[in-house]
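Work out the full structure: start from the sequences and follow the hints.
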Amino acid sequence: MRELKNYRDLDLMSHEAAQCIREYMIEVLRSKESFSLILSGGSMLQPLYRTLFYIDSLPWEKIHFFITDERCLPNENLDSNFKNAVKNLLKRSNIPLQNIHWINTEITPLETAAREYEKTLFHYLESSGDSFDLLLLSMGPDGHVASLFTGFTALMEKRKLVVLTEKSLLDPRVQRITMTLKALNKSNKVIFFVSDENCSSLLDEIMDRRVEDKFSYPAEMVHGTHNSQTWYILRS
1 MRELKNYRDL
11 DLMSHEAAQC
21 IREYMIEVLR
31 SKESFSLILS
41 GGSMLQPLYR
51 TLFYIDSLPW
61 EKIHFFITDE
71 RCLPNENLDS
81 NFKNAVKNLL
91 KRSNIPLQNI
101 HWINTEITPL
111 ETAAREYEKT
121 LFHYLESSGD
131 SFDLLLLSMG
141 PDGHVASLFT
151 GFTALMEKRK
161 LVVLTEKSLL
171 DPRVQRITMT
181 LKALNKSNKV
191 IFFVSDENCS
201 SLLDEIMDRR
211 VEDKFSYPAE
221 MVHGTHNSQT
231 WYILRS
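According to my numbering, the sequence shown is numbered sequentially starting from 1.
Treat the hints with care, since some could be wrong.
With a Cα cut of at most 20 Å, we get these calculated EDC-like pairs of lysine to aspartate or glutamate [as the list claims (entries may be wrong)]: (1) Lys83 with Glu106; (2) Lys182 with Glu220; (3) Lys32 with Asp130; (4) Lys5 with Glu33; (5) Lys5 with Asp130; (6) Lys62 with Glu157; (7) Lys62 with Asp133; (8) Lys62 with Asp142; (9) Lys5 with Glu16; (10) Lys83 with Asp171; (11) Lys167 with Asp142; (12) Lys158 with Glu220; (13) Lys182 with Glu157; (14) Lys182 with Glu118; (15) Lys5 with Asp171; (16) Lys158 with Glu118; (17) Lys182 with Glu126; (18) Lys5 with Glu157; (19) Lys182 with Glu111; (20) Lys167 with Glu111; (21) Lys62 with Glu106; (22) Lys119 with Asp130; (23) Lys182 with Asp133; (24) Lys5 with Glu197; (25) Lys119 with Asp142; (26) Lys160 with Glu126; (27) Lys5 with Asp208; (28) Lys62 with Glu23; (29) Lys167 with Glu157; (30) Lys158 with Glu126; (31) Lys167 with Glu106; (32) Lys32 with Glu157; (33) Lys32 with Glu61; (34) Lys160 with Glu197.
If you are wondering where the hints come from, they were derived from the structure by calculation, not from laboratory data.
Set out below in C-alpha cells:
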C-alpha cells in the first residue's frame, strides 16, 4: 500500500508531517516504554526535523534515534549527517545522549566502524521485538535512499544490517556506511519526504506502480514490516 500526500507549500508539508509523526509516537508509546526513530540525511528533510524537534509535547527522553547512513568524513565536516542532524537533536536538553545512536566514522578501519554500528542495531532490535518504529527517508534524483544506489553491491546485501560501500558517484565522492535493505525494512512505518523538483518523471514512474510490483529503484524496495509507504511530496 502506498499513501500519497501532495503539497505546494514546504512549511505546511513539514508542519502536517510533524503532527502526524507526533500522533504516531504518542500512540506507540501508550503500549511500550520507548520509541525508535531512524533519521536520514539530506537537505530536504531539514525543515521537517526543525519542526519536529521543537514539539514540546513529546516525551523526548523515551525516543531513541538512529541514522540510515553516514559519509566517511570527520564528524564535524559540513557534509556529515552527524553535523547536520545530531546538532539539532542536541539542542534539546531533555534528550539523553545515550538515546542518540550514531555511526562513528572516526573509528578505523572503516569496516570496524560499520561492524560497531551493526552491533548497536542488533542490541536494540533484541530488546524491541526485532523492529524499529519509524523510518524517515528522502530520495535522490536517481531513486537512491540512504547510501543504497542502483548497481552497487550494498543494495544486494541480504545478510548484514550495515555495510561499508564503495566510493559514491555523488559528491562528496567518499565511501559511506549504510543500513541495508534488510535493516531498513525492519521499520513498522516508512515515511518519504521528497520534492519533485529534480525527479518529477521518476516520481511519476514510481507512483504509477503498486508496492507489490517489480521494483526498479532503491526507494521502491523500502516498504517496512507492513509492506506500505507514506509519501509527502512537494509539487513544484
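* Find the hints from earlier in the document that the structure breaks and name them by number, from lowest to highest. => Of the numbered hints, 4, 5, 6, 8, 15, 18, 21, 25, 32, 34 do not hold.
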